[in-house]
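Undergrad: Here is how the chains run, residue by residue.
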Amino acid sequence: MRSKLFLGATAAFAVLAAGSVILPDWAMFLCAMALAKGLVCLGIVGMMRGGVVSFGQGLYYCIGAYTATLVANSFGVSDIFLLTLLSALACLLVGMAFGPLLSSYRGIFFAMLSLALSMVLYGSLSKMSVIGGTDGLNIAAPTFLGWAPEGRPLQTALYIYVVAIVVIAGTLMRIYFDSEQGLITLATRDNELRVEYLGASVRNIMTYNYVFGAVLGGIGGTIAALALGHVDPEFAFWTTSGEFVFVAILAGYLSVPAVFVAAIILELVRSFSNLYFPNTWQLALGIFLLVVIVLLPNGLGSLVGRRKGNAA
Amino acid sequence: MTRTVLEVRDVQKSFGAVTAAKDISVAVPEGAVFSLIGSNGAGKTTFVNMVTGYIKPDSGSIRFADRDIAGMAPRQITRMGIHRSFQIAQLCNDLTVEENMLLAGAIHGASGPSFLRRAHDPEARDRAVATLERFNIAEHRDRLVPELSGGVKKLLDIAMAMAGDTQIMLLDEPTSGVASDEKFPIMDLVMEALRSTGVTVIFVEHDMDIVTRYSERVLAFYDGRIIADDAPDEVLLDPEVQRYVTGTPA
Chain V
1 MRSKLFLGAT AAFAVLAAGS VILPDWAMFL CAMALAKGLV CLGIVGMMRG GVVSFGQGLY
61 YCIGAYTATL VANSFGVSDI FLLTLLSALA CLLVGMAFGP LLSSYRGIFF AMLSLALSMV
121 LYGSLSKMSV IGGTDGLNIA APTFLGWAPE GRPLQTALYI YVVAIVVIAG TLMRIYFDSE
181 QGLITLATRD NELRVEYLGA SVRNIMTYNY VFGAVLGGIG GTIAALALGH VDPEFAFWTT
241 SGEFVFVAIL AGYLSVPAVF VAAIILELVR SFSNLYFPNT WQLALGIFLL VVIVLLPNGL
301 GSLVGRRKGN AA
Chain W
1 MTRTVLEVRD VQKSFGAVTA AKDISVAVPE GAVFSLIGSN GAGKTTFVNM VTGYIKPDSG
61 SIRFADRDIA GMAPRQITRM GIHRSFQIAQ LCNDLTVEEN MLLAGAIHGA SGPSFLRRAH
121 DPEARDRAVA TLERFNIAEH RDRLVPELSG GVKKLLDIAM AMAGDTQIML LDEPTSGVAS
181 DEKFPIMDLV MEALRSTGVT VIFVEHDMDI VTRYSERVLA FYDGRIIADD APDEVLLDPE
241 VQRYVTGTPA
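Here the protein sequences line up with chains V and W, keeping their order. If you're matching positions, the first sequence starts at 1 in UniProt numbering and goes up one per residue. If you're matching positions, the second sequence starts at 1 in UniProt numbering and goes up one per residue.
Take these hints with a grain of salt, some might be off.
Calculated cross-link-like contacts (lysine to aspartate or glutamate; reagent style DMTMM-like; alpha-carbon spacing at most 25 Å) [as the list claims (entries may be wrong)]:
#1 W:K22 with W:D188
#2 V:K4 with W:D58
#3 W:K22 with W:E192
#4 V:K4 with V:D178
#5 W:K56 with W:D66
#6 V:K4 with W:D229
#7 W:K183 with W:D207
#8 W:K56 with W:E7
#9 W:K56 with W:D229
#10 V:K4 with W:E234
#11 V:K4 with W:E123
#12 W:K22 with W:E7
#13 W:K22 with W:D58
#14 W:K56 with V:E192
#15 W:K22 with W:D68
Rough simulated footprint, nothing fancy, chain W against chain V, three-plus residues with beta-carbon under 8 Å [as the list claims (entries may be wrong)]:
#16 107-114
#17 146-155
#18 253-263
Partial selection, computed: residues in chain V whose CB lies under 10 Å from chain W [claimed, not checked]:
#19 R2
#20 F6
#21 I22
#22 L23
#23 D25
#24 I184
#25 T207
Just so you know, the hints here were simulated from the structure itself, not pulled from any lab data. Using N, Cα and C, we set each Cβ at its ideal position, and we do this for glycine too.
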């Protein structure tokens with residue numbers, strides 16, 4: 001079964017990477033941003049499987065983006081691999097600090113507490129003029145193990161990089177979702193009492209999922225910052241976090257590829273709505289989500305990702 | 001002489017003005033089958049909840065495996081070998097019967113649950129099905145929990161609790177919500193499975209036919225106290241038990 005997964009991942013990489021040849025610049029940028037945001041949403045989906053939804057993943061998206069920018073600007077580090085690693089590490093540490101606290105909460109309390117943390121970061125960054133305040137900071141184009149492309153090659157390299165990260169993260173999360181711990185997460189969503197009385201710690205499970213979400217959020221933020229060449233406190237604003245939740249709901253928790261498909265759909269709907277209905281694009285987006293919720297209550301993933309083992 | 005596997009001493013528990021456990025003391029020998037009887041609110045489930053960590057006693061000690069387990073978290077007590085089933089079967093409704101069993105196997109596995117090992121691993125599935133067969137519910141393996149009868153749910157609940165290295169099994173009303181013609185077949189299955197492993201059994205029960213047929217010793221509860229502690233025939237003849245528990249004339 002794992003060979004099927006790896007084969008699927010290789011095929012996904014090939015198909016997505018082919019986009020670097022056939023897509024115009026604007027579409028490649030749009031896809032790179034959508035995939036980067038999809039990574040953040042994948043973290044939310046991991047938490048959704050355990051029965052909670054974070055409304056504050058902008059926190060890690062922002063920490064990842066600012067870590068990469070500050071390291072690049074302060075220490076002259078431009079290597080994309082190193083910047084991604086350091087951002088992921090920063091988010092891992094912050095996630096490990098907040099995870100045990102948040103793991104005690106459920107439902108709206110978990111959602112609001114996670115949102116509060118991201119808004120504290122937003123408020124702090126907005127007031128810190130030393131790191132740009134509300135204007136944010138610019139970040140130079142990244143290098144790839146010493147290679148410093150410019151123009152279209154830079155965009156292509158960045159796109160291939162995000163595709164590779166997405167495929168690796170998606171494969172790892174699929175392995176996790178299908179694992180014994182993944183099954184415990186699903187059971188936790190269903191019946192915490194049973195899980196505790198079988199001898200597993202529900203708090204630990206919630207913490208793991210939160211920390212994984214933090215790391216994925218940080219990686220997504222780093223890639224978004226490098227693609228945009230700029231970061232600002234809006235990365236941690238509640239509307240940014242709301243967008244991630246929107247994608248997670250659109251995708252559902254059954255399928256990993258659905259998360260990235262949903263992220264791309266959101267970017268497309270937003271871009272085209274913005275183009276053709278500049279003042280009412282949020283309305284178009286809202287109607288779209290409403291239709292998906294009514295027709296596919298378990299998200300786009302339910303079209304392909306029926307959970308294994310079900311009798312149905 | 002049989003070793004004492006569980007020793008409850010002078011345990012007290014109050015909920016505000018209501019005393020749910022009053023000077024409860026009992027020593028349970030290894031491999032014994034105890035039943036707890038009493039009217040609703042007598043303190044039976046409070047006793048089970050205190051032994052399994054759901055409720056912390058106000059005072060007293062509960063000793064198991066040379067440790068005082070009073071106040072420990074349920075998962076810690078479970079890991080030590082005290083497992084339980086529930087009056088209302090606690091199952092995962094979104095999972096199939098087999099997946100519920102796989103869940104129990106994954107948590108109780110020797111190396112602990114893994115982030116990499118597949119939950120639906122063929123070996124794990126074989127083990128899960130073997131346990132389901134032992135409880136005669138393997139035919140339901142692909143069905144979701146809401147599709148099951150009360151009896152099958154009870155058996156699955158107990159089978160899940162038995163997946164680990166069980167030393168003491170507490171069954172909270174194992175036949176409640178079960179059709180009357182299913183009660184004895186279910187108890188036969190459960191007791192056979194438990195006895196084959198030498199597990200100590202403590203079960204809460206209202207049906208006196210089941211109490212006399214399956215238990216070796218009976219603790220009768222009334223108003224948070226143990227009013228009788230003896231063999232089933234002796235306890236059921238006790239005037240106080242007849243007055244407060246069984247309602248039969250002395």
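Undergrad: If a hint holds in the structure, say so; if it doesn't, say that too.
TA: Against the structure, the hints:
1. W:K22 with W:D188: 33 Å, violated
2. V:K4 with W:D58: 56 Å, violated
3. W:K22 with W:E192: 34 Å, violated
4. V:K4 with V:D178: At roughly 13 Å apart (the allowed maximum being 25 Å), D178 (chain V) and K4 (chain V) satisfy the hint.
5. W:K56 with W:D66: Holds: K56 (chain W) and D66 (chain W) sit about 18 Å apart, inside 25 Å.
6. V:K4 with W:D229: 61 Å, violated
7. W:K183 with W:D207: 10 Å, holds
8. W:K56 with W:E7: This hinted pair holds, its Cα atoms lying about 16 Å apart.
9. W:K56 with W:D229: Distance of about 23 Å is within 25 Å: holds.
10. V:K4 with W:E234: Roughly 65 Å between the alpha carbons, so the hint for K4 (chain V) and E234 (chain W) is violated.
11. V:K4 with W:E123: At roughly 19 Å apart (the allowed maximum being 25 Å), E123 (chain W) and K4 (chain V) satisfy the hint.
12. W:K22 with W:E7: This hinted pair holds, its Cα atoms lying about 16 Å apart.
13. W:K22 with W:D58: 10 Å, holds
14. W:K56 with V:E192: Distance ~19 Å between K56 (chain W) and E192 (chain V) Cα, so the pair holds.
15. W:K22 with W:D68: 19 Å, holds
16. 107-114: With 0 residues in contact (Cβ-Cβ under 8 Å with chain W), the coverage given for the region 107-114 of chain V is violated.
17. 146-155: violated (count 0)
18. 253-263: With 0 residues closer than 8 Å to chain W, the region 253-263 of chain V misses the three-residue bar; violated.
19. R2: 8 Å, holds
20. F6: Where the cut-off is 10 Å and the nearest Cβ of chain W is about 14 Å from F6 (chain V), the hint is violated.
21. I22: Check failed: Cβ of I22 (chain V) comes no nearer than 36 Å to chain W, outside 10 Å.
22. L23: Violated - the Cβ of L23 (chain V) stays beyond 10 Å from chain W, reaching only about 35 Å at its closest.
23. D25: Check failed: Cβ of D25 (chain V) comes no nearer than 39 Å to chain W, outside 10 Å.
24. I184: Because about 6 Å separates I184 (chain V) from the closest Cβ in chain W, which is inside the 10 Å limit, the hint holds.
25. T207: It is violated, given that the least Cβ distance between T207 (chain V) and chain W is near 13 Å, above 10 Å.
The structure shown violates the earlier hints numbered 1, 2, 3, 6, 10, 16, 17, 18, 20, 21, 22, 23 and 25.
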